[in-house]
Every structure is written in C-alpha cells, then in structure tokens.
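Letter by letter, the chains look like this.
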Amino acid sequence: MIQWLMNIDRRIIFVFVFLGVALPLLANVFLPIRPTRDVIAVYDQLEKVAQDEGVVLLSFSYGASTEPEMQPMARAILRHCFSRNIKVVAVCLWPEAPGLAQQVLEEIGDEFGKTYGVDYAFLGFKPGNFAVVLNMGQDFRDAFPQDNWGTPLEDLALMRDVRTLRDFDFVFDLAAGDSIEFWWIPYGQEKYGFPFAGGCTAVMAPDLFPFLQSGQMVGLLGGLAGAAEYETLVGRQDKATAGMSAQSMAHLIIVIFIIFGNMAFFLSRRR
Amino acid sequence: MTRDRYVFLGLVLLFAAVNGVLLANGVLAADWEGLGVIVAAGLTLALYSFLYKDNPLFKVAENIFVGVATAYIFSQNWYQTIYGEVFVRLSALGGEDSASGDWWLLAPTVLGLLMLTRFSRRFGWLSRFSFAFFVGLGAGLTIPRTISSFILAQIEPMLQPLSWSVEGFNLLVILVGVVAVLVYFFFSVEHTGVVGKVSRVGIWFLMISFGASFGYTIMARLSLLIGRVTFLLDDWLGIM
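Here the protein sequences come in this chain order: P and Y. Just so we're aligned, residue 1 is where the first sequence starts under the numbering used here, counting upward by one. Just so we're aligned, residue 1 is where the second sequence starts under the numbering used here, counting upward by one.
Keep in mind that a hint or two might mislead.
[Stated by the list, open to error] What follows is a set of in silico ranges between Cβ atoms, one per label pair, in the way DEER data are often shown:
hint	chain 1	residue 1	chain 2	residue 2	range
1	P	Gln138	Y	Met240	47 to 53 Å
2	Y	Val68	P	His251	30 to 36 Å
3	P	Asp155	Y	Asp234	35 to 41 Å
4	P	Leu5	Y	Val68	37 to 43 Å
5	P	Asp155	Y	Ala40	34 to 40 Å
6	Y	Val68	P	Phe266	44 to 50 Å
7	P	His251	Y	Lys59	28 to 34 Å
8	Y	Phe119	P	Gln3	31 to 37 Å
9	Y	Ala40	P	Glu47	36 to 42 Å
10	Y	Ile143	P	Ile2	53 to 59 Å
[Said to hold, decoys possible] Among the chain P residues that face chain Y by a calculated CB cut under 8 Å, a handful are:
hint	residue
11	Ala41
12	Pro95
13	Pro206
14	Ala250
These are calculated hints, taken from the structure and not from any lab test. Glycine included, C-beta positions come from ideal geometry on N, C-alpha and C.
Next up, chain Y with everything else stripped away, as it sits in the complex (with noise of 0.2 Å):
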C-alpha cells in the first residue's frame, strides 16, 4: 500500500470515530438530521481535500455534487415551469377551470417544440422560425433597455456641474477616468504624445479597479469559506 492510501484510510477512520463519539455524547442527533450533517460534513472535506492533492474522494463528492444540483435544477424546471405551466394549464384548456387566455399558452408551446426539430436534419429548418421570433423578441425588449439603463443612464450623473466639495471631487475623478479609459481603448489613433499619456492614466484607472475587484472576489471565496467552517464548527463538531 502506498503512502497515500493509508493517508487515506487513516483519515477515513478517523472521521467515522470522530462521528462516532459525537453521536455517543449526543452532539449530533442519532436521526435523519443528524446523518444529514454526517453526510454534508464528510462531502465538504472530502471536497476540500483536492487542497492536499486530487483522489477519489474528492472526485466522488464532486460528481455527487454536479448530480445532485443537476436533479434540483432539472425538478424546479420541470415542475414550476413544464409541468405546472404547460401541462396543467393546456391539460384544462376548454374545461370549466381553464381562464380565457390560456389558449394563448398554445404559440409559446408550439414555438418552443419547433426548437427542438434543430436535432432532426430533415425538419431543422423549421426550428428557424423559433429562433428568428426569439431573437427579435430579445432585440427589441433589450437594445432599448440596454441604452436607457447602461448608457443615458450612466452618463446623466457625469454631466452635473463639479464644485468645490468632497462630491464635486468625486464626480471629477469619475470623469477623468471615463474620458482615460475611453481613450485607452480607442485604437483608431495612436498611442503617442498627449494621447499615449491620457490612455497611461486609463490603465491606471483599469489597473485600480480590477485590483479591486480582485480584493472583492478574495473576500467572496474567504466568506464561502468562512461559511462552510462554521458549518463544521458549529453545526458538526458543536465546539462553536
């Protein structure tokens, strides 16, 4: 046996006699909630043991994991949206309890079973007209929305007149790095002389705020850390 396997087994064995004793001492409940934090204990450091090198626990974990969200995701989808929204309601279509407009139910469903013909060769072609209504359903619900929101909306706040006050100085700073970054990725001129050095001041801007988002990125995985600590803290070893 190599060194990894007994690794492996001794850090096996030492999780079911952690189990045991918390379930002995009544810290974990001998019940279906208490195998519940067992089993999500024993997934999260089986997950987090890729850090110490890959194996088979952690595989294990990862594909129970994909399995697992891919059966919710699809049972939200099929009974919120395919069953609850197609079936049921063309099911009573004409019936005492069918409301009047959902006979209109009939184009979305028809559309949406066009689509699906994209897999035949022979009948793919009719999947287009599926496509074509989508993308013009989606063209005209977003360009407008898309330049009313991200556009106008976020120019609107730069056009206010600068002062003298801790605003005023935030508004310039905002607009010098627009009017930077703008430049920097204007690649029709180039980048020399007084151009070069307002785009060497985009990067900067560019270079400050992707360090920013980094550090906010940083602070996002320390918190699902954190979260899952507490987790093994609290909730399965009851020390917290």
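Just chain P, same shape as in the assembly (with noise of 0.2 Å):
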C-alpha cells in the first residue's frame, strides 16, 4: 500500500484533479467569499473616482493564453466602472490583447447601454512597451493620436481634456506579464504620480506585494480569486466566482495527494 502511494500513476491524480473541478462546476455550487484588503483599496479607489466624475485608463496587457483568469477581472471593473457612470479609455500594451479588450469592452459597454465616444474609447495597441507608458505621460495624443478605428481623439467627447497620464483619476492595468512591475510602476506612477493599481496572474501576485506594501499600488486582484472577490463587491457573481469553487475543490485533492505522499514517505524511512 505504502509503495503503492509512493508510486502512484499520475494519470490517476490528473483524473481526480478534473474531476475535482468539474463536479462542482456541474453543480454550481458557490461559495462565500470574502473579499480581502487590497481588492477593497481597488473598489474603493474606483468609488472615490466615481463621485468625482472622473475618468479611468484602462490598460490591457495580457493575451488568450491568460483569458480565464484575466477576463473576469476585466468585466468586474467594466461593470463596476459603468454602473457608476464612470468614463474608461483602454488602451493596449500587448500586441494580443485587442481582440480580447475589444470583446469585453462591447460586451459590458452594450450591457449598460455605454455610447462609444462619450463613455468609453478603446484607443486600440501600441508597441514600445515602457516608452509607451512614458509617451502617454508626456502628451498623451502624440502616444495615441487617434482610436483603434481611426477617429481623432479631439472628436471623441470623453478625450476632449485628456492630454497626459496626470489627466486621468486612476490607471488599472491588467497584466498577464511584467507590465506593472517594469512599465507602468516606474515609467508610470513613480513619474507622474497618478493614483495606480493593477490586476494580475496569480503567478505575479507574490513579486507585485512589495510595491502595495510601498504604497506604489493603491491595490491589487490576483488572479481568479480578485477577480472572485472583486464580483462580490460589485454585487454581480460570474465566471469567476463559479470557478473558486472548482477551486477550492481542486486545491483540496492536491492537499491530500501530498499528505498522502508525506505520510507514505515517513512510513517507508520507519520501515
């Protein structure tokens, strides 16, 4: 038996890990979820621009590869930016991200009724990385001249008074790579010192904690969990929430495959 755990067939724990996540999606089950500190300091950040009618950039920096994770979180934001009529410009950092910015911001945009132009433009990709960033704080127009179909930022209603990074409320960037940590922190906040905050993979939330701890970033959703907690506080459960059960499911069985591993390997050193 002992021997028998130490060399379990993979397969058999990739088969419990499936199930482990496709059962309770099957069963939509929801958990409750509490929302932690730094996803509040993001919510509140969001309220704040919102009684001063302000507007937020939206920066998307991610690609398909990370599109469950990072899409929940996208919408989150959209649907709380647009039931507080707050404006939102997005633009995009990474050359696949486009398509997927473009998706979300129809989706939430028509959800809420939005007009394209008045509350919300989507300025579309621009490569050059950092220096994008350091672009967009010198003169914004020069770095986006005009939106992803082609039309001059001076006949969209929402950019009339937008003219460097400083002109925004709050920046947001989703990151499925390193833009938060080498782009938009030091070419970004520290420069210009506009209120900043990010979400990011679950992979990157550990290297990005020294910088909420600087208060460099007002707040942080990291990975599917934010995006959870971040629907929680918007009052809207979607995709994400249904996942953390799935979640929580499948981090359990891993839980007891390595008690099980532990337990058999202490046994065996006995004998």
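Using the hints, build the complex out of the two chains.
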C-alpha cells in the first residue's frame, strides 16, 4: 500500500483533479467569498473616482493564454465603472490584447447601454512597452493620436480634456506579464504620481506585494480569486465566482495527495 | 494495430459522434461559430491528451497553436508597427497629410535598418551604431527609474517607526525578513556564529516566500484548467 502510494500513477491524480474541477462546476456550487483588503482598496478607489466624476485608464496587457483569469477581472472592473458612470479609456500594451479588450468593452458597454466615444473609448494597441507609458505621460495624443478605428481623439467627447497621464483619476493595468512591475510603476506611477492599481495572474501576485507595501500600488487583484472577490463587491456573481468552488475542491485534492505522499514517505523511512 | 491506435481511433470516433449529437440536438449551431467551438474543443482535448501519453494528435495541436500564435503576433506587429507606424507615415512625408514631426521617423527607421546589417559579415559593424544607441537609451532611462522604484521606494516604508499595533508587528516582521535575507546573500563573511543564525532565519523567510509563490502558481494553473473545463462543459457540451 505504501509503495503504491509512493509510486502512484500521476494519471490517477489527473483524473481526480479533473473531477475536482468539473463536478463543482456542474453542481453550480457557490462558496461564500470574503473580499480581501487589497481588492477592497481598488473598489474604494473606483468609488472615489465615481464621486469625482472622473476618467479611468484601463490598460490591457494580457493575451489569450491567460484569458480565464484576466477576462473575468476585466468584466468585473468594467461593470463597476459603467454602473457608477465612470468614463473608461482603454489601451493595449500587448499585441494579443486588442481582440480580448474590444470583446469585453463591447459586451459590458452594451450591457449598461453605454455609448462609444462618450462613455468609453478604445485606443487599440501601441508597441514600445515602457516607451508607450513614458509617451503617454508626456503627451497622450502623441502616443495615441486616434482610436482603434482611426477616429482622431479630438472627435471623442471623453478625450477632450485628456492631455497626459496626470489627467486620469485612476489607472488600472490588467497584466499577464511584467507590465505593472517594469513599465507602469517605474515609468508611469513613480514619475507622474497618479493613483495606480493592477490586476494580475496569480503567478505574479507575490512579486507585486512589495509595491502594495510601499504604496506605489493602491490595490491588487490577484488571479481568479481576486476577480471573484471583486465580483462579490460589485454584486454580480459571474464566471470567477463560479470557478472558486472548483478551485477550492482542486486545492483540497492536491493537499490530500501531498499529505498521503508525505505519510507514505515517512512510513517507508521508518521501515 | 496496437492498443494505443485503437484508443486513438476510438476517441476520434467518440468525438465525432458527440459533435453529431450536439449538432442534431441544436446545442451547437450549424454555422461558423459552431464549427469554431468544435475545432476549439477538439484542439483542447488533443492538447490534454498529452496527460495520457505523447501522441500525434497532441503534436498536431501544439504545432497549430505555435503557428497561429506566431502569425497573429506577426500580423499585429506588422499592421500596428511596421506598416502603420513606418510605411504609411514615411510614404506621406512631404505631402499634405504629413505632420511636421514625421521627418524624425527617418532616424529610428535608419537605426532599425542598420540593426539588420548584423546578418552581413561585411557590413555587420554598422549595427554597432544602433546597438550603442539602444543600450545608451535603455541604461539612461532604466537606471534612475529602477533605483527610484525598486530601491528607494522600497526602503522608505521600512524606515517607518515601529508601534504596538498589527501594522507595527507587520513592519517588524518585514524588517527582520529583509535584514536576514540580505545577510544570507552576503557571502563575503562565513555563515557561522551570529551571522549563521541570522542567515538561517533568512533561509526560513525565503522558503516561506517560495512556498507562497508556488501556491499561487498552482492556483494560476488551476484557474486556466477551470477556464478550459468551463468552455468544454458550457460552450461545447452545453451541460452547465
């Protein structure tokens, strides 16, 4: 038995993990979710922007490979913005992002009956990584002279008063790479001093905690859990919340196998 | 025929049968969107078939993914960068539509072309101008920003006064952790005695942070699995 546990075929573990993910999704179980401090901080910041009738810059820096984590996050943030009539300007710093960004903007924009050019604008992708952030900080219109479809920014109502990054009341980056840590914070937030927060994949979240500690980031949404917490705050349970039960079950299965493995190891050593 | 080939054939036939049932019942639309869902589901299952064993289906799906991703990124970079930012704007130079600043585009265009001379043995030395500019620009932009954002801004919160509160305790833990880990990475002094004990504390902090990081990584990978399983159960099979 101990030898079997020590040498268990990993395909058996795969089957258990798959069942641990699929069964809660099929059962439609929703576990209670308690938002954490860093997620609440982002929510409070957007509430403050809503009171000041401000404009938010949303940066999309992810691709299709991280869509399951990032797209629910984008939906939750946009739902909050549009439900509070916050104007949103969206840009992309990753070449794979425009399709996903356009999809979610149009989906949530239609859900809340928002008008393009008045309530939100999509400026498309610009290459250059941190150079784009620097350029936006110096002269936003030089970085993005027109929107994704070639309309000059002067013709978009919500862009009339935007000249630099400082004119945004809040900047939020949805990042699957190092755009928060190596582009936005050193070349954007530190230099121009605007309120900044981010949403990232769970892999990157520990790397960004020092920036929360130092106050360079107002808050952070980490992975699918962060998206689920934000959905709870916004009051609209969606895919992220549905995924949490599956996530919890899968984590439990992995923990059980780790315990079994360690028990088998220590028992075999005793013999 | 070997057992694996029977399994392979059986799964392909099962996949085709399931799709036939889904189309017949109207769960999947018989249009391009339905075909897209079927292709996506097939590629997803083909990629996950690697968990059983490496097989030709997985290899085909993997190569399709690499090809499509490369083509997509190339087309994005071509239309947004090379064509949109260089060809279109350079071709309008001197014309009515040309902005006064567009003549500056010639400089980065020339530098970019000089970089390509790297492939030539005879003219490769010309690329050094581009690389020198690139390295100088990068260093000049990066070094002060890095010092400011990653060093000075990180040290500042640690210099706050300690207090008898939760925040004060957190600050103390962070201070102890930073000092201990720095001592661990200081190899000019032998790690014995007091230095050894402090570096041992640093190792504990490092191990705890690696564990937290690994836990987050597992969570991230499971999130991606949840996304794919949701697609298979909801968009493809329609049973969610």
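Each hint tested on the structure:
1. Gln138(P) - Met240(Y): 47 to 53 Å: Hint holds: Cβ distance 48 Å, inside 47 to 53 Å.
2. Val68(Y) - His251(P): 30 to 36 Å: 32 Å, holds
3. Asp155(P) - Asp234(Y): 35 to 41 Å: Since Asp155(P) and Asp234(Y) have Cβ atoms about 40 Å apart, the given range 35 to 41 Å holds.
4. Leu5(P) - Val68(Y): 37 to 43 Å: 42 Å, holds
5. Asp155(P) - Ala40(Y): 34 to 40 Å: 38 Å, holds
6. Val68(Y) - Phe266(P): 44 to 50 Å: 48 Å, holds
7. His251(P) - Lys59(Y): 28 to 34 Å: 32 Å, holds
8. Phe119(Y) - Gln3(P): 31 to 37 Å: Between Phe119(Y) and Gln3(P), where Cβ atoms are some 57 Å apart, the hint is violated.
9. Ala40(Y) - Glu47(P): 36 to 42 Å: 38 Å, holds
10. Ile143(Y) - Ile2(P): 53 to 59 Å: 56 Å, holds
11. Ala41: 15 Å, violated
12. Pro95: 4 Å, holds
13. Pro206: 5 Å, holds
14. Ala250: OK, holds: Ala250(P) within 8 Å of chain Y, min 5 Å.
The structure does not agree with the numbered hints 8, 11 stated previously, though it agrees with the rest.
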